[in-house]
Amino acid sequence: MGHIDTKSLLTRGFNGNSPELLKRADEAYCDFVSDARNILMYAQFQNIGQLGAGELDAAAKATGNLPNSPEAIKGVVMKVPEIATYFRVKRTLQESYWQRIAESYGMKASEFEQALNEADKTGPGSVTWDPNFVYPAYATVDIHIQPGGYTGKTLGALTYDYGTKIFFGGAGDADSLHHSMADKTATPKDGVVKRVMEVGCSIGQMACGLKKRFPDAEVWGTDIGAPMVRYAHWRTIQQGLDVHYAQMPAEDLDFPDNHFDVVTAHLLFHEIPVPVIKRVLNEAKRVLRPGGVFVLWDFFSAKNRSGGTNFMGLMDACDNGEPYAPGFVTCDVEALMEQAGFTLRSHDPQELGRAGRVGDKPV
Amino acid sequence: MSKQTPDERAKKLSEGLDYVKELPGFERGHPHYFKDPMIDHLLEIVLQLGAEMWIIRDRQMVTEYLLATEGKVTPEMIEAFKPTPEFREKMKEERRTYTRRVYQSLYEGIGPAGEAAFVSGVLKAR
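Just so you know, the protein sequences line up as chains A and B, in that order.
To convert, count from 1 in the first sequence and add 462; that's the working numbering.
To convert, count from 1 in the second sequence and add 135; that's the working numbering.
Chain A on its own, in the form it takes in the complex:
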């Protein structure tokens, strides 16, 4: 196969920074799914959460025990037709868009794989990954029930890219959410920013935002998934940005001590088990220089959530490929940051997108 030209590969061009789906019908299908999620899910999130929490409270009063296993919770709440409908709609729409996106790009699977192979060897920026890497079991989950998750399929990151566009219901188009968070990312108190890293960078949206904000800094994106860093590099090349990507578990980084000024993790911590969270915090502390800053963007803690939101979160864990999220929201991550040696500058933002949890490595 000869050189893969992006223009001939993407016959329908780009949608923001994401490759457009290869058929008009696929785009229309996903437009419908995105709006259906907004209208039939997000608009009903509060209602269904409150309804479910009310049913669970009533069951607790009647029996003296608050149902806490997934089976027990479902046994109580799914008797309400609107709740069962909500979760049926959610699961079906989620499965539908993953399947349709993968089918669309799959029409040119070998060409996309060739494009990734070629990008491996070109710049700007760079990518390193290990074809012999053995994934720990925790990293093999079908996160968000995407078949293959973040690690299992060569083109999984390409599918993930368009999938997150749908997931965010249009709010993240053209990487706007990620770039706004990059713009808000805290910096060291001395203002020196020469090296920046995002751990768990997935497809590099945040890393690209950080590069735009700190154009003179050396910016790295690392992720345990080879499909993620390879596609992130290809995607970053399309934007003409100089970012370095490497396949590395966030808890076992191949960087020297005191190397970075800023390390950030965006929506990583709710996708890893609590013991790994502790290791990641220790590793971030190690690679940050004294005075460096760790910025954590993720869900707010269970203690700051309503019962309805926690109920919805538990259901998401069970049936939407989020097995580690309940551990994260209940682990008191601020205390874990302090145990790792960070001095907390800001706490639970209670609203993703407003501020992160920020920890300074003491000078």
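What the hints contain is simulated information worked out from the structure, not anything from laboratory work.
Just to be clear, a hint being listed does not mean it is correct.
Unchecked claim - Below 25 angstroms or equal to it, Euclidean Cα-Cα: the simulated DMTMM-like pairs (lysine to aspartate or glutamate) are:
1) B/Lys227 - A/Glu557
2) A/Lys615 - A/Asp582
3) A/Lys469 - B/Glu214
To be verified - Rough simulated footprint, nothing fancy, chain A against chain B, three-plus residues with beta-carbon under 8 angstroms:
4) 158-165
5) 173-181
6) 184-195
7) 213-222
8) 227-238
Even glycine gets a Cβ: it sits at the ideal position worked out from N, Cα and C.
Take the given structure of chain A and dock chain B to it, following the hints.
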């Protein structure tokens, strides 16, 4: 890269984590939500039909637009079509009206819907 062998590194990365395989959601599963799974299947079919119907409406709108502006239409023109911001907004409004009309009965009786947006619906939820 790491000096450990891939297997050694995976073993190290997995230490103390055997429990994760038992967590709800570790396996994707095939859940159903109604006592009678056939209701789950019917809802799935209804959603798929809604999506397929929208594909036809989308194609019809694009076809009419191209005929009105270009005087002709071909399958290639439809595939290459990039709507103007105004036409994209018109299609979005049409799609949202259609979706609300078709599925409005699903949640009747549980109170007014909130804002139909990810950020306000989920990220700011309390």
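Contradicted hints - numbers only = none
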